[in-house]
Amino acid sequence: MKKIGLRRLSAIAAVSLSATVLAVVPAHAATTIKIITPNYTDAMPAYYADLNARFEAANPGIKVEHTNLSWDDILVKGRTLVATNSTPDIMNLNTFSDYAAADLLYKATDIFDAKTLADFVPAFIDNSKYNGTAYAVPDLASARMFFYNKKILYTSGVNKVPTTWAEVTAAAKKIKAKYPAVYPIAIPLGSEEAQGEFAIWAGGNNGRYFDNDTKKWVINSKANVETLKFLTGLVKAGLTQPSPASTNRTDAFKLFSQGKVGMINASVFFPSTLKDYKSKVDYGVAPFPHSATGKSITLGVQDYFMAFKKPGNDVAVKAWMNFLFQPSNYAGFLRAAGGFIPATKSASTAVDSSLLPFINQLPNAIFYPGDLAAWPKVAGTITTQVGTGVIYDAKGVLDKIQKVAVAAGTK
Amino acid sequence: MTAISLGAKKVKNRRPANSFLSALPWIGPAILLILLVVVWPAVELIRISLTKITSAGVLEGFNGLGNYKLLFENPDLKTIAIRTVVWVLSVVFLTVIISLPLAQLINQSFPGRKFVRWAMIVPWAASVVMTSIIWKWMLELTSGEFNLTLRQLGIQHGQPVDWLRDPRFSFFVLIWVAVFVSIPFTTFVILAGLQSIPHDIIEAAQVDGASAWQVYRGIKFPLLRNSLLIATIINLINVFNSFPIIWALTRGGPGYNTDTTTTFAYKMAFVEYNMGPSTALGVINFGFIMLIVLVYLRVTKATRDQA
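Listed in order, the protein sequences are those of chains A and B.
Residue numbers for the first sequence follow our numbering, beginning at 1 and rising by one.
Residue numbers for the second sequence follow our numbering, beginning at 1001 and rising by one.
Extracted from the complex, chain A is given alone in its bound form (with noise of 0.2 Å):
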């Protein structure tokens, strides 16, 4: 008996033992970089996989360890990764700045050289600075539009798109006359895209969440409350479908593509998604309806790819990410994305006519304040909260937000 509580006191010393040395001796002999990326699709592993095997045969002294995770669990792990000193070197995110603000990132300038970083396209290349310097390049775009369902519309005796907010309402109520198990108009107010749905709306009535030229946060103006009543009309009305506070936006998707929706607010990578739906919806595009004092206006969204600075990881990193953006490896890169928009100018020439509606809409997009460090906090805070701006008090829901951005800072 004796025998046997030694041999487990043994194991479990020498099993503590092995991770304190795992933990405390980094890998000498070649270099390993870890790589955290999200499946925009489930081709995303198989094209990671394939660059990672031709990046190890032509950089024979690098290794990559790559993990290819959901978005749900990226947002997490990015955080924990960090928290616990265990960062990746290359990460592919939704935000970047508040990783810029603890000075964990490599510069851009110290990744690409300048003809590479020229071919972005400028406008994101701007969203990726903090203070000024971009630590973060883009990966990818988004744009946002109008979806309606043509059947629909049409023979509900709506004869002309809606361009303004009148309009749109006028039209929810014609299509509920006439198809009383539709739901008019989807608005997904879930903690999934909530920060997406509301900017859009609002940015119609010339509403912001932060206003550049005060460099104040701006989510509790008048403008932003009239957006969040107008949508609480809306949903009071009945044109919506039921608790759009909780309606995620992939939700709302899969009622559009089953022909349960007349209208809906959807990004470029609608179509292939209605494609993966296999849906028979007949659908039109046309630009996002604005109020009567805004004008029309598309929500730009990007996302970016950030190196980690760590001791003898630049020369990996650097490789990596510049293999990752040479021309074929990054058309290989959208093509498994599915359907957005091109980051870099030379990819822009070749892109599929399908996009060409959201592209030339980019003039007139607003984006994020994404370089802000509290970006991340307030736009998580947007999430959970606005939606419930149509339950309650609109007014008190917006002031609740503002107070987290204001105490979250302006940097």
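Because the hints were derived from the structure by calculation, they are not lab data.
All C-beta atoms in this analysis are idealised placements derived from N, C-alpha and C, irrespective of residue type, glycine included.
Possibly wrong hints are sitting among the right ones.
Claimed, not checked - Computed beta-carbon distance windows for the label pairs: (1) L1033(B) x I359(A): 27 to 37 Å; (2) E1073(B) x T410(A): 12 to 22 Å; (3) G233(A) x A1125(B): 44 to 54 Å; (4) K318(A) x V1085(B): 52 to 62 Å; (5) L1148(B) x D103(A): 50 to 60 Å.
To be verified - Which residues of chain B face chain A? A partial, calculated answer using Cβ under 8 Å: (6) Q1159; (7) R1251; (8) G1255; (9) V1271; (10) E1272; (11) N1274.
Using the hints provided, position chain B relative to the given structure of chain A.
This is chain B only, laid out in the frame that chain A set:
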């Protein structure tokens, strides 16, 4: 575990002063394991809760009680704390109320009893996330089996009910799913209690002419006290910690409308990137669990001493 009990027997023959040292080789591994997987994470949790932490997850030095201060300034905390109490008490109460007759039922012998017992344990044996996702599908707005059935039976007219997204219903749906996954364990603990009741007492009562209800009320129920206590306390811990049901079905939304302190701590950290107060809430949740565990130890000790 065996190493501990065997070690304990052996030390009886030795001088008490030496007892801890001589027991160490046997209990050492267990102590090491507990230090590694229980004590160390708890210490880390408390340490981080006293540290300033940025939204990127970078630790920026000692912060005193700053994170706790931020947490208690949060206007939503009070509602969420009250909801957590309602959640825990109602789930545990309903679970016990439903499990008592169920245990009685599967204690009877009837054809197919084995199958019924087996079927009852499935929701417990299956992963909670899996069960939750199945419920999510069943209760889905337009394509869920539940709404389709209501419609086919002619019970539901007009717009379907959004069970999981409408805050008027979703909290009750969550309570029901939590009860559903807690019933098997509770029923089997009570069943074990029922089977430990000596037959002769019951027979004696029956000979004296006691009705079935009198036997249950006067003999079985009082003798079930210990198993009920244990089932209740373990359920309290489980339900308080229950993250997957709420997260899979509603994500605590809309807003914080179906959050408990457990999901709220997660939501603050990983959705709103409000790391500091989240670590403080983590410590408070941990303290609460420790409190219930202490009660549990007290109760089990009391029942063991009784026996």
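Closest C-beta approach of N1274(B) to chain A relative to 8 Å, hint status: holds, 6 Å
Satisfaction of the G1255(B) interface hint, Cβ to chain A closer than 8 Å: This interface hint holds because 4 Å falls under the 8 Å limit.
Outcome of range test on Cβ distance (K318(A), V1085(B); 52 to 62 Å): At roughly 55 Å between Cβ atoms, V1085(B) and K318(A) fall inside 52 to 62 Å, so the hint holds.
Cβ separation of L1148(B) and D103(A), checked against the hinted range 50 to 60 Å: holds, 55 Å
G233(A) paired with A1125(B), Cβ distance criterion 44 to 54 Å: Given a distance of about 49 Å, which is inside 44 to 54 Å, the answer is holds.
Given hint V1271(B) near chain A, where the shortest CB pair must fall under 8 Å: holds, 5 Å
Status of the hint placing R1251(B) at chain A (closest C-beta pair under 8 Å): holds, 6 Å
Status of the hint placing Q1159(B) at chain A (closest C-beta pair under 8 Å): holds, 7 Å
Outcome for the supplied range 12 to 22 Å, where the beta carbon pair is E1073(B) and T410(A): With a Cβ separation near 21 Å, E1073(B) and T410(A) satisfy 12 to 22 Å, so the hint holds.
L1033(B) versus I359(A) beta-carbon gap, inside 27 to 37 Å or not: About 59 Å separates the Cβ atoms of L1033(B) and I359(A), which means 27 to 37 Å is violated.
Interface hint for E1272(B), Cβ within 8 Å of any Cβ on chain A: At about 4 Å, which falls below the 8 Å cut-off, the nearest Cβ of chain A leaves the hint on E1272(B) intact, so it holds.
Hint 1 from the earlier list is the only one contradicted by this structure; the remaining hints agree with it.
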